[in-house]
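S.K.: Sequence:
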Amino acid sequence: MGIEQNSSGGKGKVSNESKKNKRRQKRSSPVQRLYETCKEVFADCGPGIVPSPEKVEKLAAVLDGMTQADVGLRKDMPFFGSERAPIITYLQLHECDKFSIGIFCLPPTSVIPLHNHPGMTVFSKLLFGTMHIKSCDWSNEVDKFNNTMANAIDPKSYPDGLRLAKIKVNSEFTAPCKTSILYPADGGNMHRFTAKTACAVLDVLGPPYCDPDGRHCQYYYEFPFAKFSDENTLVPEEDKERYAWLMERETPEDLSVVGVSYNGPKISKK
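The opening residue of the sequence shown carries number 1 in full-length UniProt numbering; numbering runs sequentially from there.
The hints are simulated quantities; they were obtained by calculation from the structure and are not laboratory data. All figures in this text were calculated on a predicted structure; none of them were measured in a lab. It is possible that part of the hints are untrue.
Stated by the list, open to error - Pairwise CB distance ranges (calculated):
hint, residue 1, residue 2, range
1, Ser268, Pro224, 43 to 53 Å
2, Pro30, Glu95, 13 to 23 Å
3, Pro53, Tyr90, 35 to 45 Å
4, Cys177, Gly264, 13 to 23 Å
5, Ile267, Lys227, 19 to 29 Å
6, Val257, Pro176, 20 to 30 Å
7, Ser82, Glu172, 31 to 41 Å
8, Pro53, Asn263, 12 to 22 Å
9, Asn140, Ser82, 38 to 48 Å
10, Asn140, Asn263, 36 to 46 Å
11, Lys75, Asn140, 14 to 24 Å
12, Pro224, Gly259, 28 to 38 Å
13, Glu57, Pro176, 31 to 41 Å
14, Arg163, Ile49, 23 to 33 Å
Stated by the list, open to error - Think about it this way: if two alpha-carbon atoms lie no more than 16 Å apart in a straight line, the pair counts; the simulated EDC-like pairs of lysine to aspartate or glutamate are:
hint, residue 1, residue 2
15, Lys39, Asp203
16, Lys166, Asp186
17, Lys134, Asp213
18, Lys178, Asp137
19, Lys269, Glu40
20, Lys55, Glu40
21, Lys168, Glu222
22, Lys166, Glu222
23, Lys270, Glu36
24, Lys269, Glu54
25, Lys168, Asp239
26, Lys240, Glu222
27, Lys196, Glu83
28, Lys240, Asp137
29, Lys134, Asp160
30, Lys266, Asp137
31, Lys270, Glu95
32, Lys55, Asp70
33, Lys166, Asp137
34, Lys168, Glu241
35, Lys269, Glu36
36, Lys227, Glu172
37, Lys58, Glu36
38, Lys98, Asp213
39, Lys196, Glu172
40, Lys196, Asp211
C-beta: ideal position from N, C-alpha, C; glycine also.
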């Protein structure tokens with residue numbers, strides 16, 4: 001805890017190095033603290049390896065306290081003008097093999113389509129604006145449902161690659177709100193963002209996407225549960241709204257994400 005016992009057997013004193021560290025922490029910007037926390041949280045993690053609950057809570061707490069001013073954003077910046085829709089701007093603060101930090105700037109009505117985060121733990125903090133988020137995970141009952149569907153429905157009536165997903169979130173969020181967290185197989189690993197107003201989302205991914213390692217961003221078509229189901233499927237009527245059918249698709253042609261240099265408070269990586 002940064003306390004050294006002195007040779008005289010007294011109660012001890014805070015070391016000079018510890019004092020320097022505390023002064024340095026006080027001077028650190030919120031962005032610097034975020035970077036240092038990410039380094040700690042993801043140090044022993046990798047694809048599919050989730051940080052401990054304590055570390056997840058620590059990083060979420062740092063993000064919960066962050067504001068648009070902490071990253072140098074203003075609502076009147078050109079990124080957020082309604083005339084830019086559907087162009088989305090991405091500001092990259094940092095990326096390494098362990099984690100990435102970036103900001104998505106969404107003008108009103110713009111959409112980040114339903115996509116996945118393979119093997120990743122993801123923290124998303126809405127800095128300002130109102131956004132609709134829909135997220136889902138693959139259903140644990142997918143084999144049972146697919147077998148039932150195959151027996152009950154003409155296979156020609158539904159497309160290949162259709163998989164059952166369970167909807168976790170389907171709501172609007174307005175800043176300030178808590179950081180959302182998703183995990184490799186839970187918490188809504190596949191999600192879609194729809195900007196109801198101009199929005200900014202601070203994203204932390206651990207680890208980041210990496211095509212050579214098989215962590216590429218996959219997009220999905222979504223179909224209502226009822227479209228490929230009938231009375232023989234094993235979902236109670238009251239639960240049918242909690243499920244959807246997903247099918248992989250190519251990157252949507254109308255998705256436009258432009259990378260722009262980040263000009264907010266800098267991160268020291270020493």
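S.K.: For every hint, state whether the structure bears it out.
M.R.: Results for each hint:
1. Our hint of 43 to 53 Å for Ser268 and Pro224 holds, since their Cβ atoms are close to 49 Å apart.
2. Taking 13 to 23 Å as the suggested C-beta distance range, the pair Pro30 and Glu95 conforms, at roughly 19 Å.
3. At roughly 30 Å, the beta-carbon separation of Pro53 and Tyr90 lies outside the given 35 to 45 Å, and the hint is violated.
4. About 21 Å separates the C-beta atoms of Cys177 and Gly264, a value consistent with the hinted range of 13 to 23 Å.
5. Distance hint check for Ile267 and Lys227: the Cβ-Cβ separation is about 46 Å, which falls outside the suggested range of 19 to 29 Å.
6. Distance hint check for Val257 and Pro176: the Cβ-Cβ separation is about 25 Å, which falls inside the suggested range of 20 to 30 Å.
7. The hint said 31 to 41 Å for the Cβ distance between Ser82 and Glu172, and at roughly 18 Å that hint is violated.
8. Taking the beta carbon of each, Pro53 and Asn263 are about 35 Å apart, not inside 12 to 22 Å as hinted.
9. As the Cβ distance of Asn140 to Ser82 is approximately 41 Å, the hint placing it in 38 to 48 Å holds.
10. Between Asn140 and Asn263, the C-beta spacing of about 45 Å keeps the proposed range 36 to 46 Å intact.
11. A hinted range of 14 to 24 Å is violated for the C-beta pair Lys75 and Asn140, which are about 41 Å apart.
12. For the pair Pro224 and Gly259, the supplied restraint of 28 to 38 Å holds, since their beta-carbon distance comes to about 35 Å.
13. Checked against the hint of 31 to 41 Å, the pair Glu57 and Pro176 fails, with Cβ atoms roughly 18 Å apart.
14. Against the hinted window of 23 to 33 Å, the Cβ-Cβ separation of Arg163 and Ile49 comes to about 24 Å, which satisfies the hint.
15. Annotation: proposed proximity of Lys39 to Asp203 holds, straight-line Cα distance about 15 Å (limit 16 Å).
16. The straight-line distance between the Cα atoms of Lys166 and Asp186 is roughly 10 Å, inside the 16 Å bound, and the hint therefore holds.
17. Under the criterion of a C-alpha separation no larger than 16 Å, the hint pairing Lys134 with Asp213 is inconsistent with the structure, at around 27 Å.
18. Only pairs whose Cα atoms come within 16 Å are accepted, and Lys178 paired with Asp137 is rejected, the gap being roughly 20 Å.
19. Distance check on the hinted pair: Lys269 and Glu40 sit about 13 Å apart at the alpha-carbon level, within 16 Å; holds.
20. Pair hint Lys55 plus Glu40 holds up; C-alpha atoms about 8 Å apart against a cutoff of 16 Å.
21. At most 16 Å may separate the alpha-carbon atoms for a hinted pair to count; Lys168 and Glu222 meet this at roughly 14 Å.
22. Between the alpha carbons of Lys166 and Glu222 the distance comes to roughly 12 Å, so the proposed pair stays at or under 16 Å and holds.
23. Proximity of Lys270 to Glu36 is assessed by CA-CA distance (about 10 Å); at most 16 Å being required, the pair is judged to hold.
24. With a C-alpha separation of about 24 Å, the suggested pairing of Lys269 with Glu54 is violated against the 16 Å cut-off.
25. Straight-line distance between C-alpha atoms of Lys168 and Asp239 comes to about 12 Å, which keeps the hinted pair within the 16 Å bound.
26. The hinted pair formed by Lys240 and Glu222 meets the criterion: a straight-line CA distance of about 14 Å does not exceed 16 Å.
27. The hinted pair formed by Lys196 and Glu83 meets the criterion: a straight-line CA distance of about 14 Å does not exceed 16 Å.
28. Annotation: proposed proximity of Lys240 to Asp137 holds, straight-line Cα distance about 15 Å (limit 16 Å).
29. Between Lys134 and Asp160, the direct Cα distance comes to roughly 24 Å. Violation of the 16 Å bound is thereby established for this hinted pair.
30. At most 16 Å may separate the alpha-carbon atoms for a hinted pair to count; Lys266 and Asp137 exceed this at roughly 35 Å.
31. Distance restraint check for Lys270 and Glu95: the Cα-Cα separation of roughly 15 Å lies within the 16 Å cut-off, and the hinted pair is therefore satisfied.
32. Pair hint Lys55 plus Asp70 does not hold up; C-alpha atoms about 22 Å apart against a cutoff of 16 Å.
33. For the hint linking Lys166 to Asp137, the alpha-carbon distance of about 5 Å falls within 16 Å, and the restraint holds.
34. Restraint check: the Cα-Cα separation between Lys168 and Glu241 comes to about 11 Å, which is no more than 16 Å; the hinted pair holds.
35. Among the hinted pairs, Lys269 with Glu36 is consistent with the structure: their alpha-carbon atoms are about 9 Å apart, no more than 16 Å.
36. Simply put, Lys227 and Glu172 have alpha-carbon atoms about 25 Å apart, too far for the 16 Å limit, and the pair is violated.
37. Distance check on the hinted pair: Lys58 and Glu36 sit about 11 Å apart at the alpha-carbon level, within 16 Å; holds.
38. At roughly 13 Å between alpha-carbon atoms, Lys98 and Asp213 fall within 16 Å of each other, so this suggested pair holds.
39. Between Lys196 and Glu172, the direct Cα distance comes to roughly 8 Å. Compliance with the 16 Å bound is thereby established for this hinted pair.
40. Proximity of Lys196 to Asp211 is assessed by CA-CA distance (about 31 Å); at most 16 Å being required, the pair is judged violated.
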